[in-house]
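Number of protein chains: 2
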Amino acid sequence: MIAAADNSRRREIGIARREKTREKLRQAAARVIAELGEQRATIDDFIAAAGVARGTFYNYYKTRQALLDDLWDSTGRDPFQAIQTACAKLADPAERLVAEARLVLREAAEKPAWGWLIYALSVDSLTVNADLLAYPRPDLEMGRRLNRFDYLSLSAATDMVVGTVRSALRATLAAPQRIDYAESIGILLLKALGIGNDEAVELCRRPLPPLNP
Amino acid sequence: MIAAADNSRRREIGIARREKTREKLRQAAARVIAELGEQRATIDDFIAAAGVARGTFYNYYKTRQALLDDLWDSTGRDPFQAIQTACAKLADPAERLVAEARLVLREAAEKPAWGWLIYALSVDSLTVNADLLAYPRPDLEMGRRLNRFDYLSLSAATDMVVGTVRSALRATLAAPQRIDYAESIGILLLKALGIGNDEAVELCRRPLPPLNP
Chain A
1 MIAAADNSRR REIGIARREK TREKLRQAAA RVIAELGEQR ATIDDFIAAA GVARGTFYNY
61 YKTRQALLDD LWDSTGRDPF QAIQTACAKL ADPAERLVAE ARLVLREAAE KPAWGWLIYA
121 LSVDSLTVNA DLLAYPRPDL EMGRRLNRFD YLSLSAATDM VVGTVRSALR ATLAAPQRID
181 YAESIGILLL KALGIGNDEA VELCRRPLPP LNP
Chain B
1 MIAAADNSRR REIGIARREK TREKLRQAAA RVIAELGEQR ATIDDFIAAA GVARGTFYNY
61 YKTRQALLDD LWDSTGRDPF QAIQTACAKL ADPAERLVAE ARLVLREAAE KPAWGWLIYA
121 LSVDSLTVNA DLLAYPRPDL EMGRRLNRFD YLSLSAATDM VVGTVRSALR ATLAAPQRID
181 YAESIGILLL KALGIGNDEA VELCRRPLPP LNP
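Note that the protein sequences, when read in sequence, are chains A and B.
UniProt numbering numbers the first residue of the first sequence as 1 and each following residue consecutively.
UniProt numbering numbers the first residue of the second sequence as 1 and each following residue consecutively.
In case anyone wonders, no lab produced these hints; they're calculated from the structure.
No incorrect hints appear here.
Remember, identical chains collapse to one label, so a pair may be satisfied in a single copy or spanning two.
For lysine to any residue, the following SDA-like pairs were computed, each having C-alpha atoms within a straight-line distance of at most 25 Å:
#1 K24 - L36
#2 K111 - S153
#3 K111 - N212
#4 K111 - S155
#5 K24 - D78
Next comes chain A alone, as it looks inside the complex (with noise of 0.2 Å):
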């Protein structure tokens, strides 16, 4: 009984190294498709950014697809999506432009494959997903449209949306940030759209809507 029990115990322990490392090379591969594309990663990038073994690599993967797949599998094919349907409830543009890239901001520090991702398609060189791009121009046009927002032009406001929440991203990625870190991003993008200081840090801080309701 004993016996039996311990081997379970070590077989728990097992599968569960199995998944770490596996999550690693997970990690990896997103880290090397947000650096070189998806279709210059190679599986020595992989391996590199790893720091396994090739050997390991294929005690995993049969072939780089493979690892490709299950790291799409692992983060949806449309990772910004939940995130999108999650802040449609919202009504006012300026609490839901602040509330995606916080959304943002939050997945990425608990989920780094996932967060890497959304940077690597972030990339406008890949045609995928072209939303995260342009994600913020519905609000912004709605904002200004409401007199929410006040700004010159549309493509510069867009450009400073995305451009602040990839440089913040990226930065979440590299290393742990402050607590109040992705609030402090939401209230730069706010304020530089005309909304006043203190309305900016009261929408900054209102609860998140649920990703999976």
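Please arrange chain B on chain A, whose structure you already have, making use of the hints.
Showing chain B alone in chain A's frame:
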């Protein structure tokens, strides 16, 4: 006499055409370096990006390194230096911060090879020119000390400025932007940092300091 003049004219046209192709190769190389990094970029990548035949490449450069040397000679080894020197004379950190951004966008619009290199140097995987990634930090700190700027987190403010300028630079290199684009970007940056709308507009319309006085 007429034949001699014709020859000389023909030679001039030939030289001008050669210089045009050379500039095309330099611009393509700068763009490729921005995408892949200087280490990874190959002659094949340069040729594909410039849309010239392989023979054409070797007509101009004996080696990959010869093109890179020509590229760096044409832009200067520290392409951001001239802008920093010109803006150092400005006393107000708010004016300086946007003057640097506006100069980067103006120069990139006029000299795409220079613009692509600045873009490449602002990728944080390259260690050269870390200035470019942290350029607004001293102005942001001084601005807060003087109560010109108001922000929660210095790293969030830095990432916002760098991310926005980088994204605006990318947009400027990808397609000609409207005349008020750089100014709009500057106004967004200053408003994010707490400068009122009217003053932000005024600061972004000031004449820019000369680059090589």
